[in-house]
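Engineer: Let the sequences and hints guide you as you build the complete structure.
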Amino acid sequence: MRLERSLEKLARQAIADALGVDAPPLLKPANPAHGDYQVNGALPLAKEQQRPPRELATKVAERLAGEPMLAAAEVAGAGFVNLRLHPTWVAEQLLAMARDAEHEGVPPADQLQRVVVDFSGPNIAKQMHVGHLRSTIIGDAICRLLRFVGHTVIGDNHLGDFGTQFGLLIVGVREFGSEAALAADAIEELERVYKLATAKSKDDPSFAEAARLELAKLQRGDADNRALWQRFIAATRVELDKIYGRLDIHFDAWLGESAYETLLPGVVKELEAKGLARQDQGALCVFFEDEPELGKSPFIVQKKDGAFLYATTDIATVLYRRDHFHADRAIYVVDQRQSLHFKQLFSVMKKLGVPMELSHVGFGSVLGKDGKPLKTRDGQVIRLSALLDEAETRAAARMREEGLSLDETQITELAPIVGIGAVKYADLMQNRLSDYHFDWDKMISFKGNAGPYLQYAYARIQAIFRKGEIDPKSLASTQALTLAHDAELALGKQLLRFADVVHQAAEQSAPHLLCDHLYALARLFSLFYEACPVLRAEPAERTGRLLLCWLAARQMRTGLGLLGIAVPERM
RNA sequence: GCGCCCGUAGCUCAGUUGGAUAGAGCGUCUGCCUUCUAAGCAGAGGGUCGCAGGUUCGAGUCCUGCCGGGUGCGCCA
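Residues in the first sequence are numbered from 3 upward in steps of one, following our numbering.
It is worth saying that the hints were derived from the structure and are not from the lab. Fair warning: this is a prediction, and the values are worked out from it, not measured in the lab. Each residue gets a CB set at the ideal place from its N, CA and C atoms; glycine is no exception. One thing to keep in mind: the hints can contain errors.
What the hints assert, rightly or not - Okay, the calculated beta carbon distance ranges per label pair:
(1) SER447 with ARG176: 37 to 43 Å
(2) GLY223 with ARG176: 14 to 20 Å
(3) PRO207 with GLN340: 26 to 32 Å
(4) ALA182 with ASP243: 35 to 41 Å
(5) PRO267 with ARG228: 17 to 23 Å
(6) GLY381 with GLY247: 28 to 34 Å
(7) ARG194 with GLN412: 36 to 42 Å
(8) GLY381 with SER436: 22 to 28 Å
(9) LEU215 with SER447: 42 to 48 Å
(10) GLY247 with HIS326: 22 to 28 Å
(11) SER436 with ASP488: 30 to 36 Å
(12) PRO207 with ARG233: 26 to 32 Å
Claimed, not checked - Below, a list of computed lysine to aspartate or glutamate pairs in the DMTMM-like style, where the Cα atoms sit at most 20 Å apart:
(13) LYS197 with ASP325
(14) LYS271 with GLU190
(15) LYS305 with GLU274
(16) LYS30 with ASP380
(17) LYS202 with GLU190
Structural biologist: Below, the structure is given as structure tokens:
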């Protein structure tokens, strides 16, 4: 049940009945000091109806009084109508939520779509590094959110597997490569070779030319080059699978740039045929004269030497997603700095008459404590595998330090859940557009608004069930619930907001909204935990409190699950 | 030069698309474990929302202009 929708409908009807107009109720969650929600719709009507705003608000409030959902509807301030949910109604909704094992009270979206989510996108023959962190984590969360509200999601890993670097790699391997090193640690070796090859190509034009020729051969399907390239891919894939396994991230498709290679000439032909692209300084370009916000720079789809670019591939990719996946929408989880590229791409697709909804879900950079892009001490890019190792090591160290009743076996089991959960939560908790200051000390301090705090809230609840020898599943059929204590009511109301928050987060590709909700839930649970004994409560109260515990735990597990974060049974 | 983004507490960030007295976390200070996990809870302190105008019942939020920072812009992806 989407609480805000129900209230909005109610308020709209009240305005229509009381004031005779169909006007937006302007419902907002209220400052808790004032109420649960507020209806502000009377304010803008005052001028129109030439009446004092408080008079109009009073009429609306009178209409709302006595609604079973509400305990109070009161006029305040300039003409706000403050609503307070009725505890009995809240309890009824919670009982219904308890019975909904599959969706936990979250209804599906109104319009179900087929959505391709393009995220992560690492390069072949290279290690994944911090630069891939945000796209990978945010993209995965978006997939999970969209799926949960009923969309059909195709998570697609658009690998960088066909760029100009492969010419260099091919000549490089032949010139500098060691078969033994390639067998032992392929990516290590390929990165070494790539560095040497780039350096050499800079001061040896014939080497650079050779690389260009090998790339051309590869793209024509030359058997030797193709085989070598396949090896690069296979070796990289092994490493990628390890990382994604640790992150618990899975893709529905692995369609790299190479998948679209054969489509590129057709794309260029179509652009020319429709008069969208023209030659300029030897290259084939699309211009956007009528769209000043796209700047004066062209979208280059073919170089003067005839080669295609990522712009060309991206156009082909959209067409493929339309034709092959029958996608209604594509979401690109890519660094915000590429926004111009996507604006241009989307404009081209519009000009081509492709009706798909295209969204660039951008995000800010990962910065170090110094405010500059995150690097190792000696200025190297940080590998994702090393970053995840460190997260686990630090989490384990912190757990030992804390002196909890955990033995080494348990700490070893918990370290990945807690460490990687902390990394993911830290990334997801802020508005994705702002730059993200990566700070181990903060992340692993485990205080306040951090992943482990939420996991801890969950583990505490599980401890109650263990201690009381209660099977949580038996609570789903609880018949009665009274929310007599303030802390119970506050917790109950928070639980009911879940559907609103999940839908908002999914619609806006904004996982941080869900983080906020879960943090507030954990806080309210802690409050309840302090104020309301559960196992020691009187039988009448005990059942209801157990139900609240169970609902809170389940929502925490599901909510964190939507963020790709696991929960521990104890910690 | 042109475009986009940002500027909110000492630090890191929210701010539900224009609603009431701008909120969290960290850090600082003060309390709370013989009671379901203290990785917790309660309380205190901390603000010219970069600056100046404008729009209106109402502006951190919208418009204009400055100041300061970031980022992108023809043959890489």
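Engineer: Check each numbered hint from earlier against the structure, then list the numbers of those it violates in ascending order.
Structural biologist: 1, 4, 9, 13, 14, 16
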